[in-house]
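Enquirer: Protein chains in written order, with the working numbering: chain A, 2 to 301; chain B, 2 to 301; chain C, 2 to 301; chain D, 2 to 301; chain E, 2 to 301; chain F, 2 to 301.
In case anyone wonders, no lab produced these hints; they're calculated from the structure.
Treat each hint with caution, since some may be false.
Treat identical chains as interchangeable: a pair holds within one or across any two.
Derived lysine to any residue pairs resembling SDA-like cross-links, with alpha carbons at most 25 angstroms apart [said to hold, decoys possible]:
| hint | residue 1 | residue 2 |
| --- | --- | --- |
| 1 | 33 | 54 |
| 2 | 33 | 89 |
| 3 | 33 | 196 |
| 4 | 90 | 172 |
| 5 | 90 | 12 |
There are 6 protein chains.
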Amino acid sequence: MTVSASPGAAAPEVTAAVLVEAIPYIRRFSGKVVVVKYGGNALAGAADEVAALASFVEDIVLLHSLGVLPIVVHGGGPQIGALMARLGKTPEFRDGLRVTDAETLDIARMVLVGKVNRDIVTALNVHGPIAVGLSGEDAGLITAAEHDPALGFVGDVVAVDARMLRALLDERLVPVLATIGADGRGQSYNINADTVAGAVAAAVGAEKLVFLTDVDGIRADPADPSTRRSRLSPGDVDALVATGAVAGGMIPKAEACATAVREGVGAAHILDGRVAHALLLELYTDQGVGTMVTEMAVGS
Amino acid sequence: MTVSASPGAAAPEVTAAVLVEAIPYIRRFSGKVVVVKYGGNALAGAADEVAALASFVEDIVLLHSLGVLPIVVHGGGPQIGALMARLGKTPEFRDGLRVTDAETLDIARMVLVGKVNRDIVTALNVHGPIAVGLSGEDAGLITAAEHDPALGFVGDVVAVDARMLRALLDERLVPVLATIGADGRGQSYNINADTVAGAVAAAVGAEKLVFLTDVDGIRADPADPSTRRSRLSPGDVDALVATGAVAGGMIPKAEACATAVREGVGAAHILDGRVAHALLLELYTDQGVGTMVTEMAVGS
Amino acid sequence: MTVSASPGAAAPEVTAAVLVEAIPYIRRFSGKVVVVKYGGNALAGAADEVAALASFVEDIVLLHSLGVLPIVVHGGGPQIGALMARLGKTPEFRDGLRVTDAETLDIARMVLVGKVNRDIVTALNVHGPIAVGLSGEDAGLITAAEHDPALGFVGDVVAVDARMLRALLDERLVPVLATIGADGRGQSYNINADTVAGAVAAAVGAEKLVFLTDVDGIRADPADPSTRRSRLSPGDVDALVATGAVAGGMIPKAEACATAVREGVGAAHILDGRVAHALLLELYTDQGVGTMVTEMAVGS
Amino acid sequence: MTVSASPGAAAPEVTAAVLVEAIPYIRRFSGKVVVVKYGGNALAGAADEVAALASFVEDIVLLHSLGVLPIVVHGGGPQIGALMARLGKTPEFRDGLRVTDAETLDIARMVLVGKVNRDIVTALNVHGPIAVGLSGEDAGLITAAEHDPALGFVGDVVAVDARMLRALLDERLVPVLATIGADGRGQSYNINADTVAGAVAAAVGAEKLVFLTDVDGIRADPADPSTRRSRLSPGDVDALVATGAVAGGMIPKAEACATAVREGVGAAHILDGRVAHALLLELYTDQGVGTMVTEMAVGS
Amino acid sequence: MTVSASPGAAAPEVTAAVLVEAIPYIRRFSGKVVVVKYGGNALAGAADEVAALASFVEDIVLLHSLGVLPIVVHGGGPQIGALMARLGKTPEFRDGLRVTDAETLDIARMVLVGKVNRDIVTALNVHGPIAVGLSGEDAGLITAAEHDPALGFVGDVVAVDARMLRALLDERLVPVLATIGADGRGQSYNINADTVAGAVAAAVGAEKLVFLTDVDGIRADPADPSTRRSRLSPGDVDALVATGAVAGGMIPKAEACATAVREGVGAAHILDGRVAHALLLELYTDQGVGTMVTEMAVGS
Amino acid sequence: MTVSASPGAAAPEVTAAVLVEAIPYIRRFSGKVVVVKYGGNALAGAADEVAALASFVEDIVLLHSLGVLPIVVHGGGPQIGALMARLGKTPEFRDGLRVTDAETLDIARMVLVGKVNRDIVTALNVHGPIAVGLSGEDAGLITAAEHDPALGFVGDVVAVDARMLRALLDERLVPVLATIGADGRGQSYNINADTVAGAVAAAVGAEKLVFLTDVDGIRADPADPSTRRSRLSPGDVDALVATGAVAGGMIPKAEACATAVREGVGAAHILDGRVAHALLLELYTDQGVGTMVTEMAVGS
């Protein structure tokens, strides 16, 4: 599937028709907060990582132009692993979580805050000075606590102080958040980015929480594309996790969707970030893609 | 030329491409004031007057959704003539201006403020409570003076008090203005709507002034469509009026364009209102239609 | 009864005494909203309609000068009838309500919004740019619904959105309201002006609702002036309607008074608008005129 | 001359007429600052000092009710003398100024701030909590400097910091100012109240400065009432002082009027405070009393 | 005990250490209201009254510099007595309260508002224009009622209107309050300053209420310094009053502490005002001095 | 030189004396912006780097508590070099500037934004959520341009957009700025931190700019401590640079001081950051340390 976005591609009358069609969607989302989790895995399947970032950035800039208030939350697992390898550190995982000693935390923080976050911020700011990079350590944004002593500096979200996020949104700026948090003694922790995205969405009362991933949604049978569920309730999510249909790295995403919706977020989506402009298609057309979790799911 | 605006008409990837293309235009006009003169003559050539109003209303609603601050100025000559005919009054014109005795003024005011203005306001408000009807008599908006004793209550614009317009725009409301003004003694006057549109655009510091008419622009030779000028400077306009190339009802429009641009309006346009969504095409595509008057015209 | 208002009529010491006497009343009503229903019938008994309007306008301007926040609500039945007659339409009434087909609605709207409203607005604005004409169709001010299919476009008040009224009052402007409303599909309706005045008074939390009529108040026996009741509770009003003592066009006025008071308006008055400056006398002297409806009526 | 202010004294139609007549004056002074110097000498000729204060208070309360922003400045020479006498101090004057040693300053301050100021504040506050007593020592309101070492703690006005006055006026409060000032070292001074009134009027940009005195105005020949001048320019005042026509305690009043007008105050008045409600008559009727100083005096 | 406050007295490294130590206290009290009762009795034991006032003023200015919002409440019993003596009036007391006839009230008001209040205000304003003197009569700050007809114009606090205090605090000004109140008819009363301080602290929701006295706190046995209680609950205070351990002039102080704490003030303190900078020591060091009343007293 | 900051170290009376002494300094700097450049070199001479950071953090927290608005600008040369070494990159310098290829830029950015900045932010936030980390790339804060093609991604400051800094200061937050900037195409650059500190101080109109270094100030003869200059004018600085007395890494600091003062900063200081609490001593005692650059230097 390809999209030609070269200027002048659409005939004027098509442009007019598309814009008129989009009116109700534009009105619905104007002034609303949309939290987007943009992850390394979303890019894993993309042939061209640079093009994927460019497409993502265009979508965020368009949302911003249309009055939406986006917040970007990102991880960076592959990039952390790459720097560790160069520095001769061997990654170690337990139950899918990275064992994080002090040096690993330093590396993770440098990569997330000083590399991935910067790349997204500067790519957005080519379109105007709209993006501000943040870490959860800033102004007490994310209070964290140790998840498990055996894992070292891996953290859970204890609290989200949304005041600085709101202040930036009020100024029409786009917060880009690296998922490091700190406790009251100044110790930092690396936190699962899916979990942070869900907690932030709930804390700011987001209209939508969107995960851009490398799968096309949640499937009743992971091996069978035809079993993708287009709509689920939080309870449906719980059941699919319990049966093992949702597994591995999809678990924190699915649970973040269910929790966020239970805490008041309008809808949470798991989309295939490899599809160009998946975010726009979800928000501004009738074509639902991926899986949507809402309080009132009406079957798939 | 037809535009199908039925939902789902455009393929999702086309929608995405169109929206991405529109980003720079959306950003350019967001928060800017656009004054649109919508006239009876714009509709004269439309096969279906109701459809033409619906298309116009869709365009204004879209502009409003995209953060533009539209002001609608309207006339209603044909409708005034129709009511006069039903009441047995014979219209009389001198130099293209309607001789307006007290009874004619009453009729004009009833038609403009109580009929045409109402029809536009209620059509817009179907999309949400966004439009407010005004007459230049409200809160001293338009101070008028007698144009010529021989013409009766035909007025010139003496001053525009833009405070109420700004207050409404600040509330994200769309002012719809009937072109009646009053003098300090409470005497009302009927004023040429093209002139009012230009004066209002200058008074509010509009980014654009747009005339929706029944012609495709200003032509060096009115009889020859191939002589349409796409860009003119105010001086060019003066010259075309002086040579007679601009004549009749086009004179007040052309002069309002030139004056408004001289008083700081970014650009003034004369478009063919019979083309569906002409307003959208002008603002959100590269396809310039009609004639644009700007300080720095660079030939046609 | 005549009032000489020519400049210099009162001796200076009388002026001083009058002003000092008025202090407590001025303080009591400063900053308070007073909704005044000004009706065609108020003028029916006045020898000179122009003088009556001038006197009314002087009163509103004085209230405004003294810090009161007036809202004027008006009807225009006689004027609608006059234009219908000129256009060859025969008015038809059922139970006192005008049967209103589409053409009649157009006529009513032209007369109310484009004629009566304009006359009041321009008369007020001779004293400064203080008045703004409104229709209930503006910015969703009055949501209406069909009263009875047999009557056509005669409406009931479903909801009043007081935000624009408050915004205008905050700017120290005087809203002048024509009693046309619209439903969500953009269909307009003509609504009884007495009912609108009561609903608006309740919606803005007015201190007073005043009906200027052509009678001297509510009488226990309509034929006997000596039975005028100076004070009534809402329950008293219900009883007088039930017994038939209040009948005809007085019913909507009396019921609007009772309803408004029940919904929090401080007091509602029915005054004889033919008495010069009746409004001033009611507000700024001890001389109660007409009938006052309050929660705590203490007999007549 | 007597004024009966008992309730109900005026017939209702007279009340209405007076109020309608007052409209233009009410509108002219609403929101404007009027500085009133109220002095012991104003009361010297009044048969009943308590009644005189009551009448003055009624006037200030009415002004406040009508939207005027009054500032009261007062002296208290006779009362200072009385307490000095009781304490066995012999007053000593040089060139009309009281020689003020430390003990005399203490007495003056107690009388002005703790007695006269309090009496005016509490009399006003019977009508509602509208008055606040101030000394020029509060928050640096009046910076003073020694006038002449031979006179002790008699001060000149060096600067007026009008911020607190404006803050109180913004809250619709009436500042009542005792004319004590202080220098940067915390030393207080007694200052001529006429001079302070003029300086305050200039500092706040007052519309009017009014001196309530015990004379009927400035006379070309002090002994001849028929030579009272109704209007003077600042230059006229200078000339009358130079010729000695203005002499004694009238000099600081006259000079304060001239200076204030030169510094932007609209008009300055010297009225006979013994005439009941002289302040109201001056502001709200055509009857000019006393002497008015304005930039454009047009003869007497 | 002496404190050398001459510039340069402390070595730089001591200065740094002291400031660093003070950080948590500075942060705790910044932006909080502290009501300080400063009484004549606090000074009675001071060898040098002028030095005592200077030290008190330094403390208030420092609090103000550190972001605290101080309110000063003062009495002036000895000074009232002195002026009465000079005027030949014999003070008369009943149950410790001064019998106050009209002349005594005048004297008390002159001394409190025109002498003591002024001295504190001007001493503070040497450090910048930060202090504003007030009486409870200003703008209805303290509504009072007669305490006992036999005592004359001695008042109880009926209500505190804290709006003007808050407005001054918002402007970062220091209100200095003389404890005269007035009733609705304009009659003033002299009120116990301890009681006023407590009522004001409760009305503004103060963090602390501090009485600067001439004793070192509340003692279980007044004659035995070793029985000083460092912490008391309001109930403890009641018990000590009931047993007579708290007696005489200490009763209103102790009861004001207990009442203020019960009405939400964080803590109330009785300190020895003769100790230099007692206020600073209490707020900015760990060294608790005097007696503190809090909801959760934990024994002495 | 050691400072004991353990609680209770100072006797209460010393605490009181120190606080009273500090009043004028506290008042002078309250509400003022102080930009502090904190550099790796400041720490090079400190025996204990952790203790040095802790002392610096205490100073910034105290300044914040005392109402000062600090902005921290930091570099991190040694730390960049350390990571480059671990990754096998050989640093290369030309004229004292690091040759910066794409990989080196990535490393510098990770270290500055993701390591040094984070360490300062989290150390500050132990005292409350007051610090926010920023890069010059955020919201267009620092627009940069290539310094010299031969050096790669080493940047000059083209413009500082101080809006976000001001917004954070308005919220009483402490911006901590890593000195990476970006150009309009999204290319990032590493910029000399001394230069950034000076440009930021000028852009926000700082009261003071302070460099914490590892020298005791500017010396006329670098080898002779007795030639330290305590005060210099910008012209003096120019002369010392021209003669070579100021050389090496001191040049950008000295020039930043001179430029900032010329652009309106009140004073710029070069202090020895190895002295504990040097910042406090400079601001809150008479003891000037290091070198101060001001417009009006009056000899050393």
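Enquirer: So, for every hint listed, does it hold in this structure?
Expert: Hint-by-hint comparison with the structure:
For a Cα distance limit of 25 angstroms, the shortest separation of residue 33 from residue 54 inside one copy, 23 angstroms, qualifies, whereas the shortest one across copies, 31 angstroms, does not. Within a single copy, residue 33 and residue 89 get their C-alpha atoms no closer than 45 angstroms, and across copies no closer than 48 angstroms, so neither meets the 25 angstroms cut-off. Taking the closest pair of Cα atoms, residue 33 and residue 196 come within 25 angstroms of each other only inside a single copy of the chain (21 angstroms); across copies the shortest separation is 38 angstroms, beyond that limit. In this assembly of identical chains, residue 90 and residue 172 lie within 25 angstroms of each other by CA distance neither inside one copy nor across copies; the values are 42 angstroms within and 41 angstroms between.
In this assembly of identical chains, the alpha carbons of residue 90 and residue 12 never lie at most 25 angstroms apart, being 55 angstroms within a copy and 49 angstroms across copies at closest.
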